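Enquirer: Residues per chain, in single letters:
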Amino acid sequence: MKKTMTNKEYQIYVEKKSPKSNIGRNIIRAFIVGGLICIIGQFFTNALKMRGYGQEEVAGITSLLMIFLGALFTGLNLYDDLGRFAGAGSIVPITGFANSIVSPAMEFKSEGYVMGVGGRMFVIAGPVLVYGISASIIAGIVYYLLS
Amino acid sequence: MSTKRLGNQTVKLQNPPSIVSTACIAGPKEGKGPLRLYFDNIVEDEMCGEKSWEKAESKLIRETFALILKKANKSAEQINYVFSGDLLNQCIAANFGLRESEVPFFGVYGACSTMAESMSLGSMLIDGGFAEDIVCVTSSHFCSAEKQFRFPLELGTQRTPTAQWTVTGSGGVLLSAKGDGPYITHITTGKIVDKGIKDANNMGAAMAPAAVDTIVTHFMDTGFSPERYDLIVTGDLGEVGRDICAELVQEQGYNISGIYNDCGLMIYDRERQDTHAGGSGCGCCATVFAGFIYWKMMEGSLKNVLFVATGALLSPTSTQQGESIPSIAHAVSISTVLQ
Numbered sequence: 001m002k003k004t005m006t007n008k009e010y011q012i013y014v015e016k017k018s019p020k021s022n023i024g025r026n027i028i029r030a031f032i033v034g035g036l037i038c039i040i041g042q043f044f045t046n047a048l049k050m051r052g053y054g055q056e057e058v059a060g061i062t063s064l065l066m067i068f069l070g071a072l073f074t075g076l077n078l079y080d081d082l083g084r085f086a087g088a089g090s091i092v093p094i095t096g097f098a099n100s101i102v103s104p105a106m107e108f109k110s111e112g113y114v115m116g117v118g119g120r121m122f123v124i125a126g127p128v129l130v131y132g133i134s135a136s137i138i139a140g141i142v143y144y145l146l147s
Numbered sequence: 001m002s003t004k005r006l007g008n009q010t011v012k013l014q015n016p017p018s019i020v021s022t023a024c025i026a027g028p029k030e031g032k033g034p035l036r037l038y039f040d041n042i043v044e045d046e047m048c049g050e051k052s053w054e055k056a057e058s059k060l061i062r063e064t065f066a067l068i069l070k071k072a073n074k075s076a077e078q079i080n081y082v083f084s085g086d087l088l089n090q091c092i093a094a095n096f097g098l099r100e101s102e103v104p105f106f107g108v109y110g111a112c113s114t115m116a117e118s119m120s121l122g123s124m125l126i127d128g129g130f131a132e133d134i135v136c137v138t139s140s141h142f143c144s145a146e147k148q149f150r151f152p153l154e155l156g157t158q159r160t161p162t163a164q165w166t167v168t169g170s171g172g173v174l175l176s177a178k179g180d181g182p183y184i185t186h187i188t189t190g191k192i193v194d195k196g197i198k199d200a201n202n203m204g205a206a207m208a209p210a211a212v213d214t215i216v217t218h219f220m221d222t223g224f225s226p227e228r229y230d231l232i233v234t235g236d237l238g239e240v241g242r243d244i245c246a247e248l249v250q251e252q253g254y255n256i257s258g259i260y261n262d263c264g265l266m267i268y269d270r271e272r273q274d275t276h277a278g279g280s281g282c283g284c285c286a287t288v289f290a291g292f293i294y295w296k297m298m299e300g301s302l303k304n305v306l307f308v309a310t311g312a313l314l315s316p317t318s319t320q321q322g323e324s325i326p327s328i329a330h331a332v333s334i335s336t337v338l339q
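Each protein sequence line maps, in turn, to chains Z and L. The first sequence begins at 1 in the numbering used here and counts up by one. The second sequence begins at 1 in the numbering used here and counts up by one.
FYI, nobody ran anything at the bench for these hints, they're computed from the structure. Only a predicted model underlies this, so the values are computations on that prediction, with no experimental measurement involved. Ideal Cβ positions, reconstructed from N, Cα and C, are used throughout, including at glycine. Do not take every clue at face value.
Claimed, not checked - Incomplete in silico selection of chain L near chain Z, CB under 8 Å:
#1 K51
#2 R99
#3 V103
#4 P152
#5 L153
#6 L155
#7 Q158
#8 T160
#9 P161
#10 T162
#11 A205
#12 P209
#13 D243
#14 I244
#15 I259
The shape of chain Z in the complex, shown without the other chains (with noise of 0.2 Å):
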């Protein structure tokens, strides 16, 4: 027999094999869907404003109702095409987060409410809260330090 290529030729030779995403697609599609969902927002947040909340209120609520979307789409099996198109663009608003913790509630439902949904919930959702938690605390640290 031949000789075969070596580990690291045949790494090399596949990543030239292996197509690569459509980079500039994707972050055309990103932009336009991550977009319209902050205007979603923004429309919340301005209707809110004009019937008077104030601002604590009106960002809070804003979030509420994002939250509640992704949550609702998620439901209807309709978030995961929408992240399909869009990637980041629907990732990586809050609708995104509602979708990540929703999704894996519906998926481990089969295995019950305790050990499926309870605690395979934030299965994706973790590991954003532990180290997004960990960052506001260190943020704070340093911010009291320096004040």
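Start from chain Z and add chain L according to the hints.
Expert: Frame of chain Z, contents of chain L only:
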């Protein structure tokens, strides 16, 4: 000294068993693909009327097993052994699907190579005189596989172009000491090959070297040339793996380009069905073999087929620990006539 061994990895069966019956049940997406006419049944709903995807997959295996027996006009008592496995942890689709079958059971795990692995073991048992009739059946399910190996279905993520789509379906065969073919004549058992590919979204590239190794070894052990075959078909290398496999086999001095195909590319219309690099899973080559290929062999348009099922022997844990993907390929040589 064994008289049935050829070379290092191949056996030549002296009493070649016949594949006397096959059955395959496919999921809704596969049922819209190019091979839809060759499936025995197409389920309309991915849940198959069950409460979980795992139960649905078990049901696929159970019904495929029943259909194999029905088509061969056999009862479960006449079956000496059943070989079965699937992709789920502890092979629960097979174990639960066949728990009421009342047939002596061998559970096997070869990832997506399970079909050829089962056929290899079953054929050798029959050739050895230990059994008359053996059923080999396997399955995979897109939803249960995604749940175990990747992300929840409703999570809005994008797949990479090299990612493959797990086939929902179950396929199986009945091997018998008596029969008029197609006969299983040679078996080349693969070695575990690991070329250091770590990307679980590029399993075709990880498995291709295993397929190359098994195909080239098959030719060397048996002395056959590619011209002997009408079709050499790998299990689920997909587009990337198929191209790599064809190229590397060529480099070893065997030109298989005109007769080579991959079940993962045959089962879907990749453009229309958005399956990226193609199909994968135990059910991929099992349904394509039990449906399309067996049909073509019975019809006479395929006479000699080398069926090479490929498996990626990874687990979600090994991937998270940064391990590369060990792979395997098992080859079964099938002929409609005995030479």
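Enquirer: For every hint, state whether the structure bears it out.
Expert: Evaluation of the provided hints:
1. K51: The hint holds - L/K51 has a Cβ within 8 Å of chain Z, the shortest such distance being about 7 Å.
2. R99: With a minimum Cβ separation of about 19 Å from chain Z (threshold 8 Å), the hint on L/R99 is violated.
3. V103: violated (28 Å)
4. P152: It holds, given that the least Cβ distance between L/P152 and chain Z is near 4 Å, below 8 Å.
5. L153: Status holds, d = 6 Å.
6. L155: holds (4 Å)
7. Q158: Where the cut-off is 8 Å and the nearest Cβ of chain Z is about 4 Å from L/Q158, the hint holds.
8. T160: Nearest chain Z Cβ about 6 Å off; hint holds.
9. P161: Status holds, d = 4 Å.
10. T162: Check passed: Cβ of L/T162 comes within 5 Å of chain Z, closer than 8 Å.
11. A205: holds (4 Å)
12. P209: holds (7 Å)
13. D243: holds (6 Å)
14. I244: This interface hint holds because 6 Å falls under the 8 Å limit.
15. I259: Violated - the Cβ of L/I259 stays beyond 8 Å from chain Z, reaching only about 21 Å at its closest.
Figure legend: structure checked against the earlier numbered hints; hints not met, in rising order: 2, 3, 15.
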